[in-house]
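Student: Single-letter residue listing:
2 protein chains.
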Amino acid sequence: MNRPLTYKDAGVDLDAADRAKRSLAPLLDAASDENTLSGLGAFGGLYAVPGGMAEPVLVASADGVGTKLKVAFAAGRHDTIGQDLVNHCVNDILVQGARPLFFLDYLATGALDEEVVPEVVGGVARACSDNRCVLLGGETAEMPDFYAAGEYDLAGFVVGVVEREGILDGSAVQVGDRLVAIRSSGLHTNGFTLARTLVFERMGLGIDDPFPGEDATVAEVLLRVHRSYLGPVRPLLAAGSLRAMAHVTGGGIEGNLPRVLPKGMSARIDCASWNPPNVFRRLGDGGGMAPGEMYRVFNMGVGMILVVAPEFEAGVLKSLGHEGWPIGEVVEGDRVALVGAG
Amino acid sequence: MNRPLTYKDAGVDLDAADRAKRSLAPLLDAASDENTLSGLGAFGGLYAVPGGMAEPVLVASADGVGTKLKVAFAAGRHDTIGQDLVNHCVNDILVQGARPLFFLDYLATGALDEEVVPEVVGGVARACSDNRCVLLGGETAEMPDFYAAGEYDLAGFVVGVVEREGILDGSAVQVGDRLVAIRSSGLHTNGFTLARTLVFERMGLGIDDPFPGEDATVAEVLLRVHRSYLGPVRPLLAAGSLRAMAHVTGGGIEGNLPRVLPKGMSARIDCASWNPPNVFRRLGDGGGMAPGEMYRVFNMGVGMILVVAPEFEAGVLKSLGHEGWPIGEVVEGDRVALVGAG
Chain C
92 MNRPLTYKDA
102 GVDLDAADRA
112 KRSLAPLLDA
122 ASDENTLSGL
132 GAFGGLYAVP
142 GGMAEPVLVA
152 SADGVGTKLK
162 VAFAAGRHDT
172 IGQDLVNHCV
182 NDILVQGARP
192 LFFLDYLATG
202 ALDEEVVPEV
212 VGGVARACSD
222 NRCVLLGGET
232 AEMPDFYAAG
242 EYDLAGFVVG
252 VVEREGILDG
262 SAVQVGDRLV
272 AIRSSGLHTN
282 GFTLARTLVF
292 ERMGLGIDDP
302 FPGEDATVAE
312 VLLRVHRSYL
322 GPVRPLLAAG
332 SLRAMAHVTG
342 GGIEGNLPRV
352 LPKGMSARID
362 CASWNPPNVF
372 RRLGDGGGMA
382 PGEMYRVFNM
392 GVGMILVVAP
402 EFEAGVLKSL
412 GHEGWPIGEV
422 VEGDRVALVG
432 AG
Chain W
92 MNRPLTYKDA
102 GVDLDAADRA
112 KRSLAPLLDA
122 ASDENTLSGL
132 GAFGGLYAVP
142 GGMAEPVLVA
152 SADGVGTKLK
162 VAFAAGRHDT
172 IGQDLVNHCV
182 NDILVQGARP
192 LFFLDYLATG
202 ALDEEVVPEV
212 VGGVARACSD
222 NRCVLLGGET
232 AEMPDFYAAG
242 EYDLAGFVVG
252 VVEREGILDG
262 SAVQVGDRLV
272 AIRSSGLHTN
282 GFTLARTLVF
292 ERMGLGIDDP
302 FPGEDATVAE
312 VLLRVHRSYL
322 GPVRPLLAAG
332 SLRAMAHVTG
342 GGIEGNLPRV
352 LPKGMSARID
362 CASWNPPNVF
372 RRLGDGGGMA
382 PGEMYRVFNM
392 GVGMILVVAP
402 EFEAGVLKSL
412 GHEGWPIGEV
422 VEGDRVALVG
432 AG
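In the order they appear, the protein sequences are chains C and W. The number in my numbering is simply the position in the first sequence, starting from 1, with 91 added. The number in my numbering is simply the position in the second sequence, starting from 1, with 91 added.
Among the hints, erroneous ones may be present.
Which copy is meant is left open, because identical chains are indistinguishable; a pair holds if it fits in one copy or across any two.
Stated by the list, open to error - Within a straight-line C-alpha distance of at most 25 Å, the following computed DMTMM-like cross-link-like pairs (lysine to aspartate or glutamate) qualify:
#1 K354 x E423
#2 K161 x D106
#3 K354 x E125
#4 K354 x E402
#5 K354 x D106
#6 K161 x D236
#7 K161 x E420
#8 K161 x E230
#9 K161 x D204
#10 K354 x E256
#11 K409 x E305
#12 K409 x D361
#13 K161 x E414
#14 K161 x D299
#15 K161 x D376
#16 K161 x E242
#17 K161 x E305
To be clear, the hints were calculated from the coordinates, so they are not data collected in a lab.
So that you can see chain C by itself, here it is in the shape it has in the complex:
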């Protein structure tokens, strides 16, 4: 005999969802600003277009964190993955000259965990605050039979703003422009399906093992937070020192730098100009990766590449300090040359 069915019987607990949402309220409050016109519970988040701009252009980007999540699950660490997400999105609009205004997240899970959800969203809120960006809203979806127990997916959306005349779209780039690298903080959020295969299968390491050549565990090395480049780049943008920027994400330097170069132009990258950090060298050696393939997947220590007119190069390098170095130049051609990548 079938007893009357409730939503909870089917695997969805609306009361738990309400409690989880209420627990997020302080996080949203903490990450709001004077342009934020809405509170928790509104259908949509309200954000006033900043005044005092001549021709404001919105810049929006959507992204996820990929299978870096699998490492977070294995490590039982859920408080940094939101930072990865926000910083990644902020960098993606920064390269067009935009500063972030607000962010929304999408968190989908099989069963709402009332401890994990605030940890994840707490990381999102902290990174929003660090980037002076409002956490305007988001969606927490409970989808039974969709995600494995203890797993979730996390995606995010950022909206920023730039003056129309300040948009960096690559059209100003010229042959002979200098390329300046800014160091990455680790694997960032790309190549994790491969990285996990290399670390856990080829190298035979466990999540809590010491990572070879580092005073840190495998979990700590793999979960290092994808950094935001807003801090070092904003003064360069304000000074008008940049002609273009590329965020080195999936596809590596070869896959991302051409996205901001005009047709007929390409780049020569001097791979002897830096030593890839330990994590990349260990993955390559220990995993038996072909070096060219490593550069096609991972950032190899280069998180952002700035395209700079020759006369600005010295100033840009000085402003970046130890984080930046000259990595190559813009040349004629249609294919990025990674000189010395092996």
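Assemble the complex: chain C is given as a structure, and chain W must be docked to it using the hints.
Tutor: Relative to the frame of chain C, chain W by itself:
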């Protein structure tokens, strides 16, 4: 012996990803407008803030389609789920008085299917076009070991705009205001975990079976597209006829109407004012659901509720035609009363 590993060996095919992305280019082109300043391949999408507004306020919302996706998978039908997503998001900002400007999607899957991805995103693009909203960008993520074979998750993010003085935030609502319902097109995108249990387990139906009481299959009934209310509601907004609006999503009327009512006010809903459509009656009867629980999960045929000053009610009903009916009124109190819901 380990042969050198490539990214493809680990389950990620960057070339297939490139091909999938290129196949989406015409979809993005078709859904752009004169404010769209970016093309495919840009890190972020560029959208000029529309001119001619006094105090433009952005309204943003993120959402997914929940486990309605499981029905799409079972039916092998991927071209309508994107419409559900866009329309849901558009409705969520419409209730605050906003018209949509642009949309971004997040599609995550275990292995990119070069036929399914364009079908899904094609539905997103079609709905964007129907809502005069630009598909500004998105992310297609390949996450092996994350999603079951043939499955994916889909989330989206809409940004709209409203004049600051035109924001509907519920503060104008008064006791005695009339409530006007607009019919839904079916289950929309909520309650699918429960609906699937009821249909496939309790009622014992298969995806291709005829749905009882309808000239349509189970798949066709369950996948009916979540409609957009932009068309019927825009003229009412323009005329200043509305004091508030609630989109009836997860949590039903009881869960959503209070979101737009001031503290101390609630609503009396006359459940005798309409007959819930066949699909809701069959789910309730065939599934052995308590009627009160049905109203707490499903829209029961009411997709949107408009809050209208008494003197505007007749005009609003005339404008809506057969789609709208008087469903109740705003009263003092703190709990929505569903009179006659059983």
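Student: All hints are to be evaluated individually against the structure, with a verdict given for each.
Tutor: Going through the hints against the structure:
no. : hint        : in the structure
1   : K354 x E423 : within (9 Å within a copy, 65 Å between copies)
2   : K161 x D106 : between (28 Å within a copy, 23 Å between copies)
3   : K354 x E125 : between (42 Å within a copy, 24 Å between copies)
4   : K354 x E402 : within (23 Å within a copy, 62 Å between copies)
5   : K354 x D106 : between (55 Å within a copy, 21 Å between copies)
6   : K161 x D236 : both (18 Å within a copy, 9 Å between copies)
7   : K161 x E420 : neither (37 Å within a copy, 50 Å between copies)
8   : K161 x E230 : both (21 Å within a copy, 19 Å between copies)
9   : K161 x D204 : both (17 Å within a copy, 22 Å between copies)
10  : K354 x E256 : within (21 Å within a copy, 46 Å between copies)
11  : K409 x E305 : neither (29 Å within a copy, 72 Å between copies)
12  : K409 x D361 : within (20 Å within a copy, 71 Å between copies)
13  : K161 x E414 : neither (29 Å within a copy, 47 Å between copies)
14  : K161 x D299 : within (14 Å within a copy, 36 Å between copies)
15  : K161 x D376 : within (23 Å within a copy, 42 Å between copies)
16  : K161 x E242 : both (8 Å within a copy, 18 Å between copies)
17  : K161 x E305 : within (21 Å within a copy, 44 Å between copies)
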